[in-house]
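Undergrad: Start from chain A and add chains B and C according to the hints.
Residues per chain are reported as follows:
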Amino acid sequence: MKEQRLAMALAAVWAVSPYAARAANDQVVIGDIDDMSGVYADVLGAAGVEAINMAIADFGGSVLGKKITTLSADHQNKPDIGASKFRQWADEDGLTLLLGGSNTGVNIAMAKVAAAKKVPLFVIGAGGASLTNEDCTAYTVHYVYDTTSLANGTATAIVNAGGKSWFYLTADYAFGTQLQNAASRVVETHGGKNVGAVRVPLGAADFSSFLLQAQASGAQVLGLANAGTDFSNSLKAANEFGITRTMKPAALLAFLTDIHSLGLQTAQGLYLTTAWYWDLNPDTRAFAKRFFAKVNREPTMDQAGIYSATLTYLKAVKAVGSTDSDKVMAELKRTRINDMFAKDGYIRADGVMVHEMYVMQVKSPQESKYPWDYYKIVRKMNGEEAFGPITGLCPLTHK
Amino acid sequence: MSHVFGIPVAVILGQLTLGLVNGSFYAMLSLGLAVIFGLMGVVNFAHGAYYTLGAFAALLGLQYLGINYWAALLLAPLAVGLLGIVVERLLLRHLYGLDPLYGLLLTFGLALTVEGSLHQVFGASGQSYPVPSALAGVLNLHFMFLPLYRAWVILASLVVCFSTWFVIERTRLGATLRAATENAPLLQAFGVNVPLLVAATYGGGVALAALAGVLASPVVLVNSHMGTELVIVVFAVVVIGGMGSIVGAIVSGLVLGVIEGFTKVIYPEASNIVVFVIMALVLIVRPAGLFGRE
Amino acid sequence: MRAARILYALAALLALGVPWLGVYPVFMMKLLCFAMFACAYNLLLGFGRMLSFGHAAFFGSAAYATAWLVTAHRADSALAIAAGTAVAAGLGLVIGAIAIRRRGIYFAMITLALGQLVYFVCLEAPFTGGENGLQDVARGWLFGILPLRSDIVMYYLVLAAFVAVFVFIRRVVHSPFGQVLRAIRENEARAISLGYDINRYKLVAFVLSATLAGFAGSLNSLVLGFATLTGVQQSTSGEVILMTLLGGTGTFFGPAVGAALVVTLQEYLSDIVGGWVTAIIGVIFVACVLSFRRGIVGELAALRLRRAVARDPATPA
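Protein chains in written order, with the working numbering: chain A, 1 to 399; chain B, 1 to 294; chain C, 1 to 317.
For reference, chain A alone in the conformation it holds in the complex:
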C-alpha cells in the first residue's frame, strides 16, 4: 500500500540521515571555536587552525597511541553559538580539549560549559580577566594575555609619559568593560584621572559621533578599550576627525595584524603590550618563518600562543598517560612551560598562565628596516608584575 511504502521510505531516509548518532571515538579530539569571519578573524582565525596543526605535527601526530583529531567552528561572536557547539562536541564527539578563540563574552559562556562537561578550556584569544576571577572554573586556563596585564603594561607606560586624564572608547561587551576597568585602576594608581567613557557596539561601522564625545571631554588620552578591526577603525576615524591633534590614543589591545593594516605612518609611536613578538629571538623567528611559509603573514601572539597551548596540552596528556580532565589539569598546574612562546611559564591556581609580557612601541616608517619590522621593546615585565597578584575573586584560590 502506498502509505506503507511511504513509511518505509521515511524510515530508510531517517537511518542514513544526519539524525543518526555519530559514533563515539577513542581519540584525542582538540576543538577550536573562534571568530573566523568577523572583527577578530585576522588575530587567530583560519591561520590559528594552521598553527594548531603545526603543533600536532611537531608533537608527532599522535599521543599515547591515539590519533589526534581537530575540529573547528566559527562562533560569529555569538555566545550561544560558541556554547552550543562546545556542548555538542563534548556530548557527541568526545572532545578532550577546547581552545577558545577571541571574544571574552563567548569564552565566559564556554567556560560554564567546560565546568559542566569537565573538558579543559584553554582561552587563547579572549582577554577578559574575569575568566580567572569571578568566572573562573577548575578547567579554565587563560594562556596568552589578559586585561590586567594589558593595562599594567600600556596604561602605566602612557601615564608615566604624561597622559594623566583619560577618556575611554569602550567596546560594549565583557572584554571592553573589563579592559576599561583595568586601565582605569592603573591610571588612578599612578596619579591620573578617569574623565569619562562611551560604550560602542561591537563591530560599529562609524565611530564619528563617539569620537566627538571623547573630544568634548577635554581629556589628554583617548583610551581605546577595543580590539581587532574596531581598534583600527576607531584609530583611523580619530585621525580623520582631527581628534589625535588634541588627544593621545592609547592602544590598550593591539595585535601585529592591526598595526599591519593601519600602516606605520598612522600607528607609529603607539605603546602596546604583547605576550610575544615574532622577532624577539632565534626561536621565535624560526617558528615565524615556518608559519609565514604557510600563511604569508607573520604570526600574532595569539597564533603563537595557540601553537604553544596545543603542545603543552599534548605533553601533559603524555605525562599523565590519559585524557582524564582532572588528571591533566592537575599535571598542567604542576609543570613549567618552556618553549618558543614562554620561558618558565606556569599555570596558577586561578588558571592564569603566568609568563613574561613586553611593552612595545610601534616604530616609525624610518626606523623599520624590513617587512613586519614594527615593534621596539620598551620594557620587559616579568610574569608576576604583568598579571598582578591573585585577587581572591576566584574560589579556587582559597585553599
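Hints listed in this document are in silico derivations from the structure and should not be mistaken for laboratory results. These numbers were taken from a predicted model, which means no experiment stands behind them.
Keeping only pairs whose Cα atoms sit at most 35 angstroms apart, straight-line, the calculated DSBU-like set for lysine-lysine is: (1) 376(A) x 236(A); (2) 30(C) x 118(A); (3) 117(A) x 30(C); (4) 343(A) x 67(A); (5) 67(A) x 30(C).
Label-pair restraints from in silico Cβ distances: (6) 144(C) x 327(A): 36 to 42 angstroms; (7) 391(A) x 13(C): 54 to 60 angstroms; (8) 344(A) x 271(C): 37 to 43 angstroms; (9) 128(B) x 368(A): 17 to 23 angstroms; (10) 3(B) x 280(A): 49 to 55 angstroms; (11) 116(A) x 142(B): 54 to 60 angstroms; (12) 377(A) x 281(B): 56 to 62 angstroms; (13) 167(C) x 128(B): 51 to 57 angstroms; (14) 368(A) x 137(B): 26 to 32 angstroms; (15) 6(C) x 327(A): 50 to 56 angstroms.
Derived, one-sided and incomplete: chain C residues facing chain A with beta-carbon distance under 8 angstroms: (16) 24; (17) 131; (18) 132; (19) 136; (20) 228; (21) 230.
Yeah, the Cβ is synthetic: ideal placement off N, Cα and C, and Gly gets one too.
TA: Same frame as chain A, but now just chains B and C:
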C-alpha cells in the same frame, strides 16, 4: 565655551552635523524606496542589499579595474540598476497579480541571498575604501573638525534628492510615471510601454540605493552587513514620511538624521531607537505618515 | 485521511523514541521550540493573513524574562516559563495595538520597526547582559518537584508542550473565533458589514500568536541554558517566516515541518558548506515565494486533493 542646558554648544553642533550626514543617507535611501513603492506597490526589502552592492561595486571596481571614485559614482549605480531591472523582469514580474506581501517576501529572500553570499566571499569585517584625494581635507568649523568628504556627502545627497524630486514632479517623464501609478491600464491604452516603465523605475530606485552605497564607502567600512540594520531604519523613515511620498521621504530622512544626532548628545543610549519611537507616535496620531495621503 | 493518520502515528512514535534513536536531545528540543514558534506564527500569517516581520521580539523577550527570573531570582521553572509567556503576551498587546491600525504592507513595516526597537531595548537594558546575554540558566525543578536537569526529562516536557500548543492552535482555528478570523481573512469588508469588530479579533489573534511564541521562547532559554540577542534579532524573525512559508501557511503541520527542515539545514548544512547557509536559505526563500507558495505540506495536500478529484470528481474541496 558656551553651554546649553549644561552641554557645550560645540558638542551639540558637532553631533547635529554628523546627524545631517546620516540624514543624507536616510534621505537618499528612503527616496529610492518611496519611488519604488509609489509606482509599483512593492516594498523593496532588498534595498539595503543594493546599497551594499553599490559599495562593493565601487570597492571591487577600484581594486580590480582601477575605476576611481568619480567614475564609480556613475558606473556603480548603472551596473546595480541594470541588475535591478533583471531582477524585476525575471522575478518580481511574476508576483504582480498576487498579494503585495509576496513581493515583500521575495525581496526579503533576495536580500538574504545577496548578503549571505557577500558575507561568505568577503568575510564580515569590512574593507576600507580610500577617500578620493580631491576631498581628503578637513574643514575647521571651530566646533569640530569636519572631514571635507562628509560635507561633500551632504551636498551630493541634496543635489540627488532635489534632482529626483524635480524629475518626478516637474518633468514630462515624471508625469508619465505618476500617471502610471494612478491608472496603468489607461496609460497603456495611450500607447505608453508600461512594463518597460515599471522595470526602469525599479532600476532607477535601485540605482539610487547603489549611489548611496558608493557615497558611503569612504565613510564606513565596506562589508556585507552595511545595509541590513540601515534598511530597517530607512523603512521606519519612509513610514514616518508617508510611504508613497517623495517629499516626505527626503524631508523625513534629513530631519530624522538630525534628531538622531541630537539624541546622541542628550541621551546616547536611546539614539538607536528614537526613530522607531517617533514612528510609533506618528502612527498613532497620523497613520498615513506626515506627508502621506490615504 | 488514513495517510495523515499513519503519518501522525509514525511521527509520534519517532518523537517518543528519540532518546533511544541516538538523536542529540538538545538539538531535538531546539527543533521543537522552533516548531512551536512557527506554529504560533502561522496562527497569525496562515489563518489571520497578517504578516508580522518582528515576531522574534516575543520569542526573545520571553526568553530573557525567563532567564532573568531563574538567574537573578532563582525562580521555579514553571513560574519562570509562565512569567516569560506573560511578558510576551503583554508585549504582544502593546505592539499589536499600534500595528493593527494599519493593514498589509504597512502592518508588516510597523512590526518590523517595533521588533527592532525591542532588539535595541534588549541590547541596552542593564539586566539583559547586552552582547553577552544571560548565561548559566539552570533548568531547576518544575513546580518544585520534577528535576529538569536531565536532557531526557526535559525533552519529554518540551515534546508535551509542543503537542499541547499544536492541539490548542487546532482548537482555536476550528472554534467560532477561528471562523470569524477566517471570514475576516477572506473578505474584510463583508465581515465589517456583518457587524464584527474586526480590529478586536485581529488583536486577539495577534496576542495569542505572541503569547505562544513567548512560550516557545521561554522553553528554549531553559533548554539551551541561555538567553541572548539572537532571540530578538531581525534574522530570527525572518527565519520563522521562512519556516512557515516553506512548510505551508494555512496548514497545521506545515510550520512544524518547515521548522524541522530549516533547523536541521542550519545545523548540519553549516558543517558542510560553512557560511553559505544564509545564502542558500535566501535562495530557498525566493524559490518558495515564486513557485512553491503553498509550502511542503500545502503542496502535498493539494496533490492529494487533485488525485482524489481525479478518482471521483464529486469530491468536495
